[in-house]
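Visitor: Protein sequences, first through last, are from chains B and V. 1 is the number of the first residue of the first sequence in this note's numbering; add one for each residue after it. 151 is the number of the first residue of the second sequence in this note's numbering; add one for each residue after it.
What the hints contain is simulated information worked out from the structure, not anything from laboratory work. The C-beta atom is built at its ideal place from N, Cα and C for all residues, glycine as well. Incorrect hints may have been included.
[What the hints assert, rightly or not] Footprint (simulated), chain B over chain V, 3 or more residues, beta carbon under 8 Å: (1) 151–157; (2) 182–196; (3) 201–213.
[Said to hold, decoys possible] The calculated lysine-lysine pairs, modelled on DSS-like cross-linking and capped at a C-alpha distance of 25 Å, are: (4) V/Lys201 - B/Lys118; (5) V/Lys181 - B/Lys119; (6) V/Lys165 - V/Lys152; (7) V/Lys238 - B/Lys39; (8) B/Lys130 - V/Lys201; (9) B/Lys118 - V/Lys179; (10) B/Lys133 - B/Lys60; (11) V/Lys201 - B/Lys84; (12) B/Lys32 - V/Lys181; (13) V/Lys238 - B/Lys118; (14) B/Lys60 - V/Lys241; (15) V/Lys225 - V/Lys152; (16) V/Lys214 - V/Lys169; (17) B/Lys118 - V/Lys184; (18) B/Lys39 - V/Lys184; (19) B/Lys130 - B/Lys65; (20) V/Lys214 - B/Lys65; (21) B/Lys84 - V/Lys223; (22) B/Lys60 - V/Lys154; (23) V/Lys238 - V/Lys152; (24) B/Lys60 - V/Lys156; (25) B/Lys118 - V/Lys181; (26) V/Lys165 - B/Lys60.
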Amino acid sequence: MQRRKFLSLGALAAVVTMVPASLSALDFRATKPDVWTAKTVNDGIAKLFGKVATPSDAIKLTIPKVASNGGQIPVDIATDIPAKTVALFQDANPESAIMVWNVVEGSVVDYSLKIKMKKSGSMTVVVEGKDGKLYSTTKSLDVALGGCEG
Amino acid sequence: MKIKAKLKGDLVEAKVMIKHDMLTYDQAKAKTGKREDANFIVHIEATVNGKAVFDASTSQFLSKNPIVGFSFKGKAGDNLVVNTVDLKGNKDTETQAIR
Numbered sequence: 001m002q003r004r005k006f007l008s009l010g011a012l013a014a015v016v017t018m019v020p021a022s023l024s025a026l027d028f029r030a031t032k033p034d035v036w037t038a039k040t041v042n043d044g045i046a047k048l049f050g051k052v053a054t055p056s057d058a059i060k061l062t063i064p065k066v067a068s069n070g071g072q073i074p075v076d077i078a079t080d081i082p083a084k085t086v087a088l089f090q091d092a093n094p095e096s097a098i099m100v101w102n103v104v105e106g107s108v109v110d111y112s113l114k115i116k117m118k119k120s121g122s123m124t125v126v127v128e129g130k131d132g133k134l135y136s137t138t139k140s141l142d143v144a145l146g147g148c149e150g
Numbered sequence: 151m152k153i154k155a156k157l158k159g160d161l162v163e164a165k166v167m168i169k170h171d172m173l174t175y176d177q178a179k180a181k182t183g184k185r186e187d188a189n190f191i192v193h194i195e196a197t198v199n200g201k202a203v204f205d206a207s208t209s210q211f212l213s214k215n216p217i218v219g220f221s222f223k224g225k226a227g228d229n230l231v232v233n234t235v236d237l238k239g240n241k242d243t244e245t246q247a248i249r
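Use the sequences and the hints to build the structure in full.
Guide: Here is the structure:
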């Protein structure tokens, strides 16, 4: 009996030590499938975090005021808030979620990407801090030529 | 996929250029008549020496052939490995030494 207990403990310990390596990757499509079908920004935030975000000016969202090509809109996101998760939403496309970053240890929140938007609208960045609070910032832009018609 | 990774100070600035159509549901419907033909990158992950330095889930609204930039603490000479997966399950991987 004693030996059996000891062996099962060993098996458990092996599992526990193996977990961190695979845990670093977080697939938000698998864990939060509802986020990607949410139609509005607020709905997307609610589905992802289950909370309401408070506006903050500690997040730097850099986008053009007018995008001539809606298929290639450059977006820069940076913040000094110790973050756990960063998410980008917009309100011009059929669904609101664009990208969700799992901020891994040793990385810096300084992201750039190119997105497409169907028409003029606004973008919202939500940062979930390590303190569990949600911070957000929103910026609007004009899109001259929609990027989703392909 | 093309990767640029350059050390600036103590941060590595990485840019990943992914070759992918990023076909949205609406675009797929307009093109082939079937919503199910949509295909886009759903997950991008980068590691250095087996340790994750970037991890993000993405949607159909990244641009065609998207460019994704990020920064992390690292050093020159290490290999940056980037893995992507699209909606249909196609995987792509690329390795680039940090300069």
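Visitor: A separate judgement is required for each hint: does it hold in the structure or not?
Guide: Here's how the hints hold up against the structure:
1. 151–157: violated (count 0)
2. 182–196: holds (count 3)
3. 201–213: That given contact holds, which follows from 13 residues of the stretch 201–213 of chain V lying within Cβ reach (below 8 Å) of chain B.
4. V/Lys201 - B/Lys118: violated (37 Å)
5. V/Lys181 - B/Lys119: Distance of about 20 Å is within 25 Å: holds.
6. V/Lys165 - V/Lys152: Holds, because 8 Å separates the two Cα atoms, which is no more than 25 Å.
7. V/Lys238 - B/Lys39: The hint holds at about 23 Å.
8. B/Lys130 - V/Lys201: holds (20 Å)
9. B/Lys118 - V/Lys179: Holds, at about 15 Å.
10. B/Lys133 - B/Lys60: holds (17 Å)
11. V/Lys201 - B/Lys84: holds (17 Å)
12. B/Lys32 - V/Lys181: Violated. B/Lys32 to V/Lys181 sits at ~29 Å, over the 25 Å cutoff.
13. V/Lys238 - B/Lys118: Measuring from Cα to Cα gives roughly 24 Å; hence the hint holds.
14. B/Lys60 - V/Lys241: At roughly 32 Å apart (the allowed maximum being 25 Å), V/Lys241 and B/Lys60 break the hint.
15. V/Lys225 - V/Lys152: holds (20 Å)
16. V/Lys214 - V/Lys169: holds (8 Å)
17. B/Lys118 - V/Lys184: Roughly 20 Å separates the two Cα atoms, so the pair holds.
18. B/Lys39 - V/Lys184: OK: B/Lys39 and V/Lys184 at ~21 Å, within 25 Å.
19. B/Lys130 - B/Lys65: violated (31 Å)
20. V/Lys214 - B/Lys65: holds (21 Å)
21. B/Lys84 - V/Lys223: holds (17 Å)
22. B/Lys60 - V/Lys154: holds (24 Å)
23. V/Lys238 - V/Lys152: holds (21 Å)
24. B/Lys60 - V/Lys156: holds (23 Å)
25. B/Lys118 - V/Lys181: Since the Cα atoms of B/Lys118 and V/Lys181 sit roughly 16 Å apart, the hinted pair holds (cutoff 25 Å).
26. V/Lys165 - B/Lys60: holds (19 Å)
Comparing the model with each numbered hint stated earlier shows that hints 1, 4, 12, 14 and 19 do not hold.
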